[in-house]
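**Student:** These protein sequence lines map, in sequence, to chains A and B.
Just so you know, we're using this note's numbering here: the first sequence kicks off at 108 and counts up by one.
Just so you know, we're using this note's numbering here: the second sequence kicks off at 108 and counts up by one.
Please keep in mind that the hints were generated in silico from the structure rather than gathered at the bench.
Watch out, some of these pointers could steer you wrong.
For chains that are exact copies, the list does not tell them apart, and a pair is met inside one copy or across any two.
With a Cα cut of at most 25 Å, we get these calculated SDA-like pairs of lysine to any residue [unchecked claim]:
(1) K389 x S160
(2) K960 x G206
(3) K130 x D995
(4) K860 x N741
(5) K191 x D496
(6) K810 x T994
(7) K1037 x D605
(8) K454 x T1002
(9) K860 x W740
The primary structure of each chain is shown beneath.
Number of protein chains: 2
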Amino acid sequence: MEYIIGSDNRQIVLGEDEWSGVKKIAAKVAGDIKLVTDAEYKVTESTSASDFSGGVYAATLGKSSLAKELLDKCGISEDTLAGKRECYAFQVVETVNGGSALVIVGSDKRGTIYGLFHISDLLGVSPWVYFADVCPKKRDSVALTDADNFVSKEPSVKYRGFFINDEWPSFGTWTFKHFGGFTAQMYEHVFELILRMKGNYLWPAMWTSNFSLDGPGLANAELADELGIVMSNSHHEPCLRHSEEWDLVKGDDTKYGSAWNFSKNREGLINYWRDGLSRNGKFENVVTMGMRGERDSEVLGREATLQDNIDYLKDVITVQNNLIKETISEDLDSVPRMLAIYKEVEKYFYGDETAEGLRYWPELDGITCMLCDDNFANMRKLPEEFEKDRRGGWGMYYHFDYHGDPISYEWVNSTHLSRVWEQMGQAYESGVRDIWIVNVGDLKPQELPLSFFMDLAYDFDKWGTSNTDSATEYLRNWVERQFAGCEDAYEDIYALLDTYTYVNSIRRPEALNERIYHPVNYGEAEYMLQLADISVSKAEDLWDKFKETPLKDAFYQLVYFPVCASMNLLEMQLFAGINHHLAGQGRPSANIYGGLINECMDRDLELQKGYYECADGKWDGIMGSEHMGFVHWNDEEARYPVVHTVIPSRRPRVVVAGSYSDSYTMGGDWTRHPIVLTGLCSPTCFFEKLELENAGTGDIEWKVTECDEWISLSASEGVLKEGDTDILVVTTGDNLPEGTFVGKFVIKAAMYKVEVYVCARNFTEEEAAIDHFVPVLPDEVAAFVKESDLELSIEAGELELSEDEDTQAPSYRIIDNYGKYGSAAKAFPVNCDFSKVAAEDLPSLTGSFYVPKDGKYEIRLITAPCNPLSTESLLRVKMAIDPESTTDAAFESVTTVGADYQGGERTCPEWAKGVLDNQHETVLTRNLSKGWHDLTILPQDPGVVIERLVIREAAFARKDGYLHNCPVRGF
Amino acid sequence: MEYIIGSDNRQIVLGEDEWSGVKKIAAKVAGDIKLVTDAEYKVTESTSASDFSGGVYAATLGKSSLAKELLDKCGISEDTLAGKRECYAFQVVETVNGGSALVIVGSDKRGTIYGLFHISDLLGVSPWVYFADVCPKKRDSVALTDADNFVSKEPSVKYRGFFINDEWPSFGTWTFKHFGGFTAQMYEHVFELILRMKGNYLWPAMWTSNFSLDGPGLANAELADELGIVMSNSHHEPCLRHSEEWDLVKGDDTKYGSAWNFSKNREGLINYWRDGLSRNGKFENVVTMGMRGERDSEVLGREATLQDNIDYLKDVITVQNNLIKETISEDLDSVPRMLAIYKEVEKYFYGDETAEGLRYWPELDGITCMLCDDNFANMRKLPEEFEKDRRGGWGMYYHFDYHGDPISYEWVNSTHLSRVWEQMGQAYESGVRDIWIVNVGDLKPQELPLSFFMDLAYDFDKWGTSNTDSATEYLRNWVERQFAGCEDAYEDIYALLDTYTYVNSIRRPEALNERIYHPVNYGEAEYMLQLADISVSKAEDLWDKFKETPLKDAFYQLVYFPVCASMNLLEMQLFAGINHHLAGQGRPSANIYGGLINECMDRDLELQKGYYECADGKWDGIMGSEHMGFVHWNDEEARYPVVHTVIPSRRPRVVVAGSYSDSYTMGGDWTRHPIVLTGLCSPTCFFEKLELENAGTGDIEWKVTECDEWISLSASEGVLKEGDTDILVVTTGDNLPEGTFVGKFVIKAAMYKVEVYVCARNFTEEEAAIDHFVPVLPDEVAAFVKESDLELSIEAGELELSEDEDTQAPSYRIIDNYGKYGSAAKAFPVNCDFSKVAAEDLPSLTGSFYVPKDGKYEIRLITAPCNPLSTESLLRVKMAIDPESTTDAAFESVTTVGADYQGGERTCPEWAKGVLDNQHETVLTRNLSKGWHDLTILPQDPGVVIERLVIREAAFARKDGYLHNCPVRGF
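Generate coordinates for the entire structure from the input sequences, incorporating the hints supplied.
**Tutor:** Rendered as structure tokens:
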């Protein structure tokens, strides 16, 4: 049996008594069919399904008079759907005349809508057909067969949606230009996007806009309700009214009064809230409860005690509950309500020894407690086992966009899918399953992570905890859905999205400046420039192909712009870092980078112009957020890089500098700035580089006048013209001494004699076979070298995991494509109480490494910037060196955050540094003997994500860097 | 009786048996006469004075057979001159035929020479006639009368001369270009300069040159001896041989061996020294004794003890004494010898508890101990009372040029005459009267201070301690001597020399960088730019006049170049500071200053080119030392300012900044960067300034939207075009509140609201009459202001001095034109042991000031960067607040240097900071009640020079600055 969309019976039949919203969606699906097949489908209404002549039949159980008949035709019992949330049956059925039909029966309005949009999915129509101009691949027809028949599951999370926020200047400018404001015309596109993504929930824009007034009038709210979108106001706007609305209606001479303070203006606020509930209570909502200060601030002054705040909130919520009973329903539990445990409200929820918090307050029982991340995509506290199943359930307010400390971010997508998977998975497993809402800022730059967030919420079984490869798999899948038919480009687009999200997530573009990646140490700048260069070249190549195709606008918005604009910003900051670094060395080559900074500034404008020209100007006004030298939430105090210009010396001058070392000299050996090259002490680094630059006047001849015989140089003399730079590659030749040692060569250039020390190790055969060798400096340089870049990094993916035959037993799992270093290890189950697991049953992670000499070493444990999930946790692990087994007494508890750590608190510098640097770092010092060692980690607190182990000599300070140990250097 | 030079009897008559050197000088004086009067004088020789027909007669007692006859004609007894050092009688006498003659009789060769050059002095011929092209004013004739008759005194100091040093690239390039090397042709000019200045002593150049080989051959040494110049080798070149000479002759296969080490190569070094003494011993020398390492370094390694070093030196000196006996004279005391107590040798001289130093070693008795300054013109230790009159006497090695730590200086004169007067006076009064030698580097830039140094050494009675106005008087006098006849210009030239030497001495040009003078705080940059601007304008005006006159070359070298080049360098560093400061504030006006930096770089080249063109290229090659961004002793690692370029914001942007405050804002009030203007709290500051700059795109309208009624603004609205800056002058209007208070005004510019706080005081009539009012900040700003620029400075010249009827009693005296702040106070006698003076007889200095509120105050005592003159001194003074009398028990001892202070030691940071900053600073904190206070200072250790008292609120950190409290701000 098959039904061929586009050829058979071109109609969509609905019951006359079907929800008007379903009828509207049916028309949109007809539009999708036309878009793909050019076939014109008619939406017809009927009072019965008796004339079952073929085409698409859809009905909502309990609403449409066709529903039962259609279920019968499918042979599906009513019980299969009755009482279910948002489910639908989807079945190809033979018609009365022997033809075929597609039957869709929804358990409720959104069930039917999702069923209808399932057709669009099968046709290859992306949810982003409007919002990113993803035009589907043309097809003559699409055949549906028995293989497509199914009855959908209830969605994993009850309310699933997003929050349009921080919408000026970008989204706001756009909607005013194209829709005259935040009107229903615009919101219809937003609602459609939500439904196509099988979401059901929205927090609307609220910066100088009022969802319930701007429709015009109630048109926005009415349309949402019609289409099945459940509305809330944001977390600090109670009782279905916007904070902006308060400014419009308050006044000493009004019934609302002027003070946003329940102690001073109780009557006025009750009137204000009652009117809101009366006005919007008839629609489907989740009512925001409680009260914060105006515009996202604390409600009581600094002098108020915790108890004062708790009592105040209790009073407010009690009154609000009563108002809801009065205006919407006596059955409070039938009215979805939520209280956001955001920022300072967390304190009022948990309380302390002086004041019991709201946590156990009965009046809160039926209200969904909306927990929050730390605004940087890391969970704060999560429900504990005993409270997982509280009556009102739990929600999560998550962020892909944020305005606040320590940095705001919004301009472009800077979210790594794997972090979302890991953190939202942690939440889901802890019982957060009632509301998932994510702040998407201007919406437009967040197409990719939003898609993932919505799919994860809809089908956690598929994309959630059980699927460790979820993020990677999803990204591949998403590329194929948006660029269907462009098989040749899939791999490249995947690589581009993977790379730019990696780059943007390890340091948000808004938090970049010229001092983040070191211009020379570890080759960081060179490595990041390589990443940028490869991505931009690939994007340009693809753009040359796409720009002639219908998918050009989608490609520009989803790939080309975010890749090129992100990389351009990165390059600009790298160039600025190099410009300042070279200028600090008095090198005229700094001026070349000064020019490149200006080119990046121009390129940024050009890329934005290209965006505005997409789809004949459809997006004019969007993507206008400040991002160059960003500091706050808007352009105030933002600053572009300052260009440093070197005036070349008027005398002969040569500057000699390590390409990967900040040591340099502008004078002869008597100035005592010898250059020390250390890379050849590492078994994986095969060359060093030295730069000679003519920073003065006249040609400069240079010549190597002395050189230890084991040092091999790519050149031994040369002539530098004014401003020129020669690069000398330094490798080890023959006749290497034993062990780790130092040698020297001397360059005579102009009148200077420059001494270059080369540290190296002669690796024995045994050592050469060692994967994890800790490189060390020769003792002879310790006297004049204070810092070292030599260290061994072991990435999580290189650690050895314990195995257990019991697949249900606690275990470490490796998450690929995660965090700063490409992989991570996390103990599962994610909310396991490991203190109750016997030591012999604990899973373990082991890193093995070889130390070439006895001494004191630093062991550095790099973890993801997660927060303790309970008030007791310090994100501890257990660690031991060379333990016999997991029961070894040598295991000691290691805290990965400080005792004063407070996740999400702007006043906690450790947290702020963590979210900016995208890692936590714990440093231990241990004496190690020469030879092999095993460093073994066991889980202690849940939620610790291990990214990297670093082992280095403790005698030397660590050189500045952001990544440390870049591939470009071979270590 | 008068003798008219230029008209009467045009001859200079000498004895046939006169010193050949005197004959050569007579010819030079004849040349001077011609230069002034055009009259051709003949130098004739005679065997007797019997044909006493008229003209000039000169003879040396004990040498010329004319001497006694001439003395008789003058009626002067032989005893008047016999046995005297360098004296001469100078007398107009009637001739046998009734005409007139000028008779000069010298007590010795140099006496006669000085007498002859006294004619040149009277003719107005400057010593700088060759070395600075100071051509004298033309006159028909010069009449000498009885009034000119006199017998000169013995010079105050026995050996008086200078050291040509650090002579590459400047002096070296010049002499090679014009004289083919360091030849006798060139040295003849140097010797002549010394004699014209009535000096007698020289340390010759010794960088790649050998005085005794380069003449060619011995010609230099022979000419020096002929002309009466006493030679030494420099302080680390013993036995009349140069350190460069050692490199030429040493060798394993020579009799000298190779090691510059008396333990390892005793025989070789003895041979080397003996040969030197034999070769040059026949000339007049002061033999350098002892031994240091090669090229001005320590002789023994780090492992040697103090005793080792002392023993080594004793051995060396004993051997050298014996060699002198062997080669020059058995009568050791007849051979002038000196040992330089330089750098590390000071330790060997004084010894410590572990080892007795050379100080009391009999073998040293007849050797002059050459003490040294700290290389920055401040005395190190001086002789104590008991050793003042030691047999060998004392010398002083002083510096107008130095290569070494913490900074080298040489390019241009950076010496303040008053410091020389004060410090060399201290030395003279302590018994340092046998040798005065000053390092003049390339000689050429040091014309002025060298003249003063030589005159001070020749006639201490006139220019020394007794004449407190010496430096000022000398400078006026010197201007008139060099620019005789240009009466209209005297005052301007004086002001120019006074200003540039002030500017260069308070921070040596080589030690300037863009971070010294604060670009806004205290208005320092504005003040220094004003000084520069006034000087350069004046110099240009004068140049326009001089460039058409014969004195143009002299004016260029002595005035125009040092003024303009110094000011240009200063301006460049100020511009760089402002460039960086404005760039840090994101202000495009930074770019204007970037352009000015480049203009200064070009101007520097142009000024040097002008120097090379002086006197038809006579000075080509000189003044070529590096000076822009100087770091070491040569151009290595020197760096020109890095130019910072601001890319203007692409959005509307206004930057508001205080003109005299580093507070600024680039955003609205929510960014919490309010601007605080504090100047109006000071009774002497009458305005504040605020800058508004358009740092973005499009015109920006600004408007004052709120303003406290007592604040008066020079404008209340305006429109800024892109890149434009408006300056708002802020003053107090009417209706001032009482006391010290704060007010506010608000500017709306673009979309920003900027808050400006203005602190002010309403001065009562009583307060307005108070000279020394300590300005304080209002309490209300303490919460958000951490630093303050408010303070009261009392200069030394404003202090009240105690008076004593006994003019011989110890007293404080004010030295004008001294140090960083224009005046200083020093207790006299300069080497008085104040501990032996009864308290009631101690002189006192008192500063009175008014404190407007009770509180904690910082009292800052600024003193000159002098060094303790004995091992016990910590340069202490006694200080009390509101004492009844000098015997008050409240006086406490205050040390003006730290307990670990070591003058002249590169390893002592306090010393290094002192010589760079040109001051010492001592900070005390005291509680003071509201009202008047007297701060009284008494002397304790000798040698303390008090420059400034600063009183400020202790609650606020002091803002960065170099001068603090500049006139430009009115405080």
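**Student:** All hints, please: hold or fail.
**Tutor:** Cross-check of the supplied hints:
no., hint, in the structure
1, K389 x S160, "neither (38 Å within a copy, 136 Å between copies)"
2, K960 x G206, "neither (82 Å within a copy, 102 Å between copies)"
3, K130 x D995, "neither (67 Å within a copy, 103 Å between copies)"
4, K860 x N741, "between (52 Å within a copy, 15 Å between copies)"
5, K191 x D496, "within (19 Å within a copy, 115 Å between copies)"
6, K810 x T994, "neither (62 Å within a copy, 74 Å between copies)"
7, K1037 x D605, "neither (40 Å within a copy, 70 Å between copies)"
8, K454 x T1002, "within (23 Å within a copy, 55 Å between copies)"
9, K860 x W740, "between (52 Å within a copy, 16 Å between copies)"
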